Every structure is written in C-alpha cells, then in structure tokens.
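Enquirer: Given next are the chains, with one letter for each unit.
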Amino acid sequence: KAGVTQTPRYLIKTRGQQVTLSCSPISGHRSVSWYQQTPGQGLQFLFEYFSETQRNKGNFPGRFSGRQFSNSRSEMNVSTLELGDSALYLCASTKTGANVLTFGAGSRLTVL
Amino acid sequence: GESVGLHLPTLSVQEGDNSIINCAYSNSASDYFIWYKQESGKGPQFIIDIRSNMDKRQGQRVTVLLNKTVKHLSLQIAATQPGDSAVYFCAVAAGGTSYGKLTFGQGTILTVHP
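Chains as they are written, first to last, in this note's numbering: chain A, 1355 to 1466; chain B, 5 to 118.
Read the hints as simulated data drawn from the structure, not as lab findings.
Predicted model only: the values in this text are computed from it and were never measured.
The beta carbon of each residue, even a glycine, is placed where N, CA and C say it ideally should be.
Careful, some of the hints might be misleading.
25 Å max Cα-Cα, derived BS3-like pairs, lysine-lysine [what the hints assert, rightly or not]: (1) A:Lys1449 with A:Lys1411; (2) B:Lys60 with B:Lys72; (3) B:Lys46 with B:Lys75; (4) B:Lys46 with A:Lys1449; (5) B:Lys105 with B:Lys41; (6) A:Lys1367 with B:Lys72; (7) B:Lys105 with B:Lys60; (8) B:Lys46 with B:Lys72; (9) B:Lys75 with B:Lys105; (10) B:Lys105 with B:Lys46; (11) B:Lys41 with B:Lys75; (12) B:Lys105 with A:Lys1449; (13) A:Lys1411 with B:Lys105; (14) B:Lys60 with B:Lys75; (15) B:Lys41 with A:Lys1449.
What follows is a set of in silico ranges between Cβ atoms, one per label pair, in the way DEER data are often shown [unchecked claim]: (16) A:Phe1423 with B:Glu19: 43 to 53 Å; (17) A:Thr1374 with B:Val74: 18 to 28 Å; (18) A:Gly1416 with B:His117: 40 to 50 Å; (19) A:Ser1433 with B:Pro86: 21 to 31 Å; (20) B:Arg65 with A:Val1454: 40 to 50 Å; (21) B:Arg65 with A:Gly1357: 17 to 27 Å; (22) B:Met58 with A:Thr1368: 44 to 54 Å; (23) B:Glu43 with A:Pro1362: 14 to 24 Å; (24) B:Pro13 with A:Thr1464: 18 to 28 Å; (25) A:Arg1369 with B:Gly87: 35 to 45 Å.
Chain B residues, not near chain A, derived (Cβ > 12 Å throughout) [claimed, not checked]: (26) Thr14; (27) Asn22; (28) Ile24; (29) Ala28; (30) Gln42; (31) Gly45; (32) Gln49; (33) Gln64; (34) Lys72; (35) Asp88; (36) Ser89; (37) Ser102; (38) Thr107.
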C-alpha cells in the first residue's frame, strides 16, 4: 500500500518567488493536513482539508494557502517567499473516523 | 493557547537500557496524545497513542503513561536498540478539534550507543 507521497522532495527558490507543493494521500484517506518543520519552531500546523474544504487553519500569514481536490490530493502554495519560509513541509493524511496521522517524507524548501 | 514542551532535548543511552522520554502539555482539555518518531530524512512515524480516559497503554517495547493531574506524558522504550535512535515528538489534540490539527512538542533526540 503506497504511503503519503509529496512532490517535489527538494526545491530551491529565491525571495519573492512563489512555490506550490503537492501531496497525494494514502488511498482512501480523505483528510489531509500540512505542517511546517523548522529547527527553531519545530512542527507547526498549517491547515487541514477534508472533502475539499479547509477544516482548520494554523497561525500563518495569508501568503500560505492550500486546497484539496476531489480525489483528495492536496496542494499548498506559498507566495512572496521569505528567507524564513525555508523549512521542511510535511503532509499527513488520515482516513475518516481514524485519529492517526500518517506523514509523508516532506518537501524541503530552501529560500535564497 | 496550547503549548507542549519536553523536559530534555537529548537523551543518550546504551543498547539494552530502557529509555524514558518526557513531555508536558498545558491544555487540560486535551484528549488525545500521540508519540511520533522521526528519523533523518523521513517524516514523523506513529509509535503509540493514548486517550485521556486512560493512564497507560502498552505496545511492542513501548509504553505511554499519561498523568492528567500534572499534565505530563512519557514514552518508555524497553531494551533500547540502535535502530531506536531518532527524534521523538509528543503531540496533542485538544478536545473537540479535528485530529488533523496537532500541537507538537519540540522533540527529544535519542541516541543509542552499541
């Protein structure tokens, strides 16, 4: 059974650019959550989607956005990149009625 | 707001020893607690979870203890092996919220020496 797949795994951008990260959840999982992981702040919740609707949102500026498609795949976008956006962005999925989040390996973003 | 913290940022043990990793949380409404393990280059991997109506839960070589009175959570790993070397995170879901939204502790680095 395939796990949570995130693409791209690594990317480098410059300040002011925008980036889109993709997440394919485990088959049958309809809930997708996104987290940002940095050495200074640790793992921080970005947002959660279920059935194409944002169910929860973390305390991040409006430059961070996301969406979910009808096949449960999700994307997150960061616009006007700042140096501090350099991080590992993790996607996790869970199936309806279950509690455990299964994480992908993450997309490592470096902003120069 | 919710905050979750760890008492020790690093833990170094010998192979075969038992390891204990601690975590404190602040929201008394928290009702679901999870331990994750993260190895280098990988995403967090689920280890064990516990609900607030329990105070102990055991898995394979791991035990989670929950003390709601002092808002403290611990992970015990028996007969620690070099493959257990990783960063361990506790995470908390507050009551009434979706379980997709977790508050993570800062992590403890566990190093197991052969």
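Enquirer: Taking each numbered hint in turn, which are not upheld by the structure, reported in ascending numerical order?
Expert: 3, 6, 8, 17, 19, 20, 30, 31, 32, 37 and 38
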